[in-house]
Amino acid sequence: MDDNVEISVKNLSLWFGKFQALKNISIAIPKNEVTALIGPSGCGKSTFIKTLDRMNDLVDNVRITGEVIYKGRNILDDDTDVVQLRKEIGMVFQKPNPFPKSIYDNVAYGPRVHGIKDRKALNDIVEGSLRKAALWDEVSDRLNESALRLSGGQQQRLCIARLLAVEPNVLLMDEPASALDPIATSKIEDLLYELKREYTIIIVTHNMQQAARVATHTAFFLLGELIEYASTIDLFERPRDKRTEDYVTGKFG
Amino acid sequence: MAVRTLKRSRIKDAKGTTIELILLLCAVSAVAAIFLIIWFIFSEGLPFVLEAGPQFLTSSIWLPTDSFSDGSWGIFPILVGSLIVTFGAIGIGTPLGVACAVFLAEIAPPAVRRVLVPSINALAGVPSVVYGFFGLVVIVPWIRGQFGGFGTSVFASWVILSIMILPTIISISTDSIRAVPREYKEGSLAMGATQWQTIRSVMIPAASSGIIASVILGMGRAIGETMAVLMVAGNAVSIPNSIFAPVSTLTAQIALEMGYAAGAHRQALFAMGMVLFVVIMILTGLANLASRRRVT
Amino acid sequence: MPVKRREMVPLALLWASGIATLFILIVILAFILANGLPLVNWNFLTAEPSVWGQTGGGIYSTIVATLAVTGVSLAVAGPISVGGAIYLNEYTKENFLRRIIRQAAEILAGIPSIVVGLFGFLFFVIYLAPYTGGWSVLSGGLTLAFMVLPISLRTSEEALKTVPAELREGSLGLGATKWQAITTVVVPTALPGIVTGLILGLGRAIGETAAILLTAGGALNLINSLYDPGRPMTLHLYDVLTEYRDTSTAYGTAAVLIIAILAITFITDWLMNRYTNKLKGL
Numbered sequence: 001m002d003d004n005v006e007i008s009v010k011n012l013s014l015w016f017g018k019f020q021a022l023k024n025i026s027i028a029i030p031k032n033e034v035t036a037l038i039g040p041s042g043c044g045k046s047t048f049i050k051t052l053d054r055m056n057d058l059v060d061n062v063r064i065t066g067e068v069i070y071k072g073r074n075i076l077d078d079d080t081d082v083v084q085l086r087k088e089i090g091m092v093f094q095k096p097n098p099f100p101k102s103i104y105d106n107v108a109y110g111p112r113v114h115g116i117k118d119r120k121a122l123n124d125i126v127e128g129s130l131r132k133a134a135l136w137d138e139v140s141d142r143l144n145e146s147a148l149r150l151s152g153g154q155q156q157r158l159c160i161a162r163l164l165a166v167e168p169n170v171l172l173m174d175e176p177a178s179a180l181d182p183i184a185t186s187k188i189e190d191l192l193y194e195l196k197r198e199y200t201i202i203i204v205t206h207n208m209q210q211a212a213r214v215a216t217h218t219a220f221f222l223l224g225e226l227i228e229y230a231s232t233i234d235l236f237e238r239p240r241d242k243r244t245e246d247y248v249t250g251k252f253g
Numbered sequence: 254m255a256v257r258t259l260k261r262s263r264i265k266d267a268k269g270t271t272i273e274l275i276l277l278l279c280a281v282s283a284v285a286a287i288f289l290i291i292w293f294i295f296s297e298g299l300p301f302v303l304e305a306g307p308q309f310l311t312s313s314i315w316l317p318t319d320s321f322s323d324g325s326w327g328i329f330p331i332l333v334g335s336l337i338v339t340f341g342a343i344g345i346g347t348p349l350g351v352a353c354a355v356f357l358a359e360i361a362p363p364a365v366r367r368v369l370v371p372s373i374n375a376l377a378g379v380p381s382v383v384y385g386f387f388g389l390v391v392i393v394p395w396i397r398g399q400f401g402g403f404g405t406s407v408f409a410s411w412v413i414l415s416i417m418i419l420p421t422i423i424s425i426s427t428d429s430i431r432a433v434p435r436e437y438k439e440g441s442l443a444m445g446a447t448q449w450q451t452i453r454s455v456m457i458p459a460a461s462s463g464i465i466a467s468v469i470l471g472m473g474r475a476i477g478e479t480m481a482v483l484m485v486a487g488n489a490v491s492i493p494n495s496i497f498a499p500v501s502t503l504t505a506q507i508a509l510e511m512g513y514a515a516g517a518h519r520q521a522l523f524a525m526g527m528v529l530f531v532v533i534m535i536l537t538g539l540a541n542l543a544s545r546r547r548v549t
Numbered sequence: 550m551p552v553k554r555r556e557m558v559p560l561a562l563l564w565a566s567g568i569a570t571l572f573i574l575i576v577i578l579a580f581i582l583a584n585g586l587p588l589v590n591w592n593f594l595t596a597e598p599s600v601w602g603q604t605g606g607g608i609y610s611t612i613v614a615t616l617a618v619t620g621v622s623l624a625v626a627g628p629i630s631v632g633g634a635i636y637l638n639e640y641t642k643e644n645f646l647r648r649i650i651r652q653a654a655e656i657l658a659g660i661p662s663i664v665v666g667l668f669g670f671l672f673f674v675i676y677l678a679p680y681t682g683g684w685s686v687l688s689g690g691l692t693l694a695f696m697v698l699p700i701s702l703r704t705s706e707e708a709l710k711t712v713p714a715e716l717r718e719g720s721l722g723l724g725a726t727k728w729q730a731i732t733t734v735v736v737p738t739a740l741p742g743i744v745t746g747l748i749l750g751l752g753r754a755i756g757e758t759a760a761i762l763l764t765a766g767g768a769l770n771l772i773n774s775l776y777d778p779g780r781p782m783t784l785h786l787y788d789v790l791t792e793y794r795d796t797s798t799a800y801g802t803a804a805v806l807i808i809a810i811l812a813i814t815f816i817t818d819w820l821m822n823r824y825t826n827k828l829k830g831l
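Protein chains in written order, with the working numbering: chain E, 1 to 253; chain S, 254 to 549; chain P, 550 to 831.
Next up, chain E with everything else stripped away, as it sits in the complex:
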């Protein structure tokens, strides 16, 4: 397999009961790049990324066919260690979901459940993660305050820091800025730019300007189908499919 591919999806279809949410998706996600998934609401893009770390396991009546190859293995196999997988492929959710604990305990949460108890080591991880998430300067003097007292944008960066603390390879982001104001959004976007040096990032967004600003590759989903997948510049400036063109030029969506 190509060394520059992190995750390779082949013929992925997914049903919730009788409803087919994903139709025969094949896509190769490049390593250490930001890949954006765009499309109107209900097009399957969120379902798609949830499949990549098996969060759809939490939903009833899910059926799935196809392959998701990560590190040479099909993660959809029954014998996948889901806990380990989710450690390596982490997700940031649409709505910031910090735990009702202190800022410190939020970031230390992941390392703790994975068995790190040493205070010094935890301190280093917390500081490092908060720095990487560009939050350290804002919270370093109040690590013991409840995370729920942070602003929405800070909460979202805290959730990113919390994720970085478990040292993942891949970051899945499900519309991470949709609940935030423009200033907080631009901070998140700057952060993505920094993070892609170390991580493979897949971001779901329905904000096309955002996709254009942060992503090197963009995939356009419609009604559960992957319509077009190309470099971001090509997709926006030279779309091959009429439906992509209609969407990116704002004719619908």
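Rather than coming from a laboratory, the hints here were simulated on the basis of the structure.
If you only want the chain E side, here are some residues facing chain P, beta carbon under 8 angstroms, derived: (1) M55; (2) V83; (3) R86; (4) K95; (5) R162.
The model shown is predicted, which means the values in this text are computed figures rather than measured ones.
For every residue, glycine included, the Cβ atom is placed at its ideal position computed from N, Cα and C.
Since the structure of chain E is provided, determine the placement of chains S and P on it from the hints.
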């Protein structure tokens, strides 16, 4: 290619499975508890009822002894006593309870609600023996002074029980009024209806199933109440001829006689417990039926 | 909104009903506290009750008996109810089993205490006598556990239900196992609600009399072990009234019970507010 059902990871996780099994046992214990109670009550009570026959419910003569053949086993007056006491309490408690629920859900300012809600919880928490005590030292002497007789009477039980069932009626009715969709109320107010018209013709009808359920559950509470009734009812096994006459109930009679009952007598008391259990099951079933039939 | 004249009567009646309910509570509490509190002093709480047939004396052994039966019931019903609630909310979807168990808890909560007492008498006092000591605080406490269980189960389940799904996703998304997510995020978040359920169960156990009457034995001596018969405060209140007509000890005991119940009401009210605030980050 195989179709996968991603219900849960099938990776071997012995610890997780053990935990899940223990938790399942905890959850199922509630069901097991009921079967255990049914088994023990019925194993003692049912043979007695079968031997005594329908007379057990219809005869008016209650002369318990240790051996079945020597005694007389009619609980009719006790059964009637339970019903009189229960329906009277419901009759007094329902208007007050439902009105208080409407007040709490629709009218009370937040500050009043902040006081009233914990007060109702406190009312629910007061031990029944304390209600009985209050009845015995306040209500009973008052009745004796005003109306003569012993004071321990049907009326005294009505007063005490109607207070004791208030929290049940109020809390369930309040919940069901609160659960009425806001659009109903807004729709009514938008058409120019006043607050009281809206309450009377929209809110109460829409919440009626929950209100009925609350009254039925209050009835269950009243018929099952023991200590307070035992202390204020007078416990005479005869059908009362006035509301100021003493009365006995199933619960009070069991509590009173279990201390010395043996043999057939004890079985008879278990049979009375069985009757109580069946009545409560029927009431719970009715309450469920009522609250399930939502106005749509 | 201006109130029309025609409206004033029904609205006034509704206000009156709210005030009446409050008034009833205040009258009962005030009456008992006014008569009982002057009798409650250190000596009353720590002295042994007087011997048979005499009035006066303290209620020490009855307080100990109350703590013993309550402790046994919570020790048994607490873990089972919280475990059961966790199972219902975290391991099952809305299904048949869940409906059955919720229904069972509802029925269990509705069974009259005297009937539970009959059961406890037959099962714990007679059938399991070699293990419970017959009439004993252990038998009483185990019987009460059947009444505490449904209260605590339902309250805990409600509390767990209000924990936002995003917190579970957040935890699992970081690679926590299901059990880790439950113990480190779900239960801590719902803890005030779970504790409220346990305290409500405690209140039920402290106030219960009829079931105790048939199972705990009623001996006035200070218990040495859980296998001894004992007489909790509620039973003592009933006995001193009906056996000795000792109204003053009854007032004192009732006042102590009322204070316990009021404390429980305030603590649960405070905890539930804290819980709501916790989820808001205050």
